[in-house]
Amino acid sequence: MVKYSTSLDTTFSALSDPTRRTILLTLQRGHASVTELARPHDISMPAILKHLHVLEQAGLIEQKKTGRVRMCRLTVAPMQHAADWLSLYRVFWENQLDALGRFLEQTGPEKTKKQENKLCRKPPSHPSRRS
Amino acid sequence: MSQAAVASQSSLVISRTYPASVERVFKAWTDANQLGQWFAPTDDYTTKANVDLRVGHEYRFTITHKGGNVHTILGIYRLIEPPRKLVYTWRWEGGPASDTLVTVDFTPDGEATKVTITHEQFTNTEDRDKHNEGWQGCLNRLQRTLTTVA
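Going down the list, the protein sequences come from chains A and B. Residues 1 to 131 in our numbering are what the first sequence spells out, letter by letter. Residues 132 to 281 in our numbering are what the second sequence spells out, letter by letter.
Bound conformation, chain A alone (with noise of 0.2 Å):
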């Protein structure tokens, strides 16, 4: 079992902070050094090392040392995890969507106004006003 209880809160809050997410595409395309991680950002070297460290903590990268340069890579488990937490609720929210469509087919439409209902049940996307 992978230690998914404690990183999916950590992965939230390490991907809260934009440099940290341009960080995170960075790595995206393959593994990097700090300096190079550090160059599209206007802040200080203590900086980035430290927003380095909260994405390490959260399990997100990996650094390296290798002779006198710093190597990052991205781990992809807890984000992975992140997904699948939108996952079920996307899972969960499609099936309740689904339910409350056959509510409203079952239980017609109120009495009290007359609809025409010829609509069918995929009404189009696009936004049409009434005068």
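Don't read these hints as lab results, they were simulated from the structure. One should not assume that every hint holds.
What the hints assert, rightly or not - Simulated DEER-style distance windows between Cβ atoms:
#: 1; chain 1: A; residue 1: Arg68; chain 2: B; residue 2: Asp236; range: 51 to 57 Å
#: 2; chain 1: A; residue 1: Lys65; chain 2: B; residue 2: Thr177; range: 56 to 62 Å
#: 3; chain 1: A; residue 1: Thr107; chain 2: B; residue 2: Gly187; range: 28 to 34 Å
#: 4; chain 1: A; residue 1: Arg39; chain 2: B; residue 2: Thr249; range: 32 to 38 Å
#: 5; chain 1: B; residue 1: Glu212; chain 2: A; residue 2: Glu94; range: 23 to 29 Å
A quick note: this is a predicted structure, and the numbers were derived from the prediction, not measured. Each residue gets a CB set at the ideal place from its N, CA and C atoms; glycine is no exception.
Given the structure of chain A, go ahead and fit chain B onto it with the hints provided.
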């Protein structure tokens, strides 16, 4: 732009359009009796809804699977703008104390209604970790039940 894509991983947006008036869809979403008739992921679940539709007051959905498993969702209404908008906190009972936040927008689209759900995570950021075990357990149970009945 890609940053937004990463950021959006912490919230989920889903919408659906129904051939029904906004009033009717809003009522289906807020009336305890009507919620009890549809707010279950599949026919294998029955839902009992308790709703106190006032800002600051609670709702509670008790969702029972035919196999006997019970899941309870509860939360507090934060904003009620009939028939257009609902905002409420969301938590699985037995899960962590940290709430998530659900916003439901009901938008007229001709004679139809577009429902947009925005489910955001972690409205409280403190003390999340220690509660997370239970939360994960809930999600795992939910995943199991959803996949077994799918």
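Comparing the hints with the structure gives:
| no. | hint | in the structure |
| --- | --- | --- |
| 1 | Arg68(A) - Asp236(B): 51 to 57 Å | 54 Å, holds |
| 2 | Lys65(A) - Thr177(B): 56 to 62 Å | 58 Å, holds |
| 3 | Thr107(A) - Gly187(B): 28 to 34 Å | 30 Å, holds |
| 4 | Arg39(A) - Thr249(B): 32 to 38 Å | 36 Å, holds |
| 5 | Glu212(B) - Glu94(A): 23 to 29 Å | 25 Å, holds |
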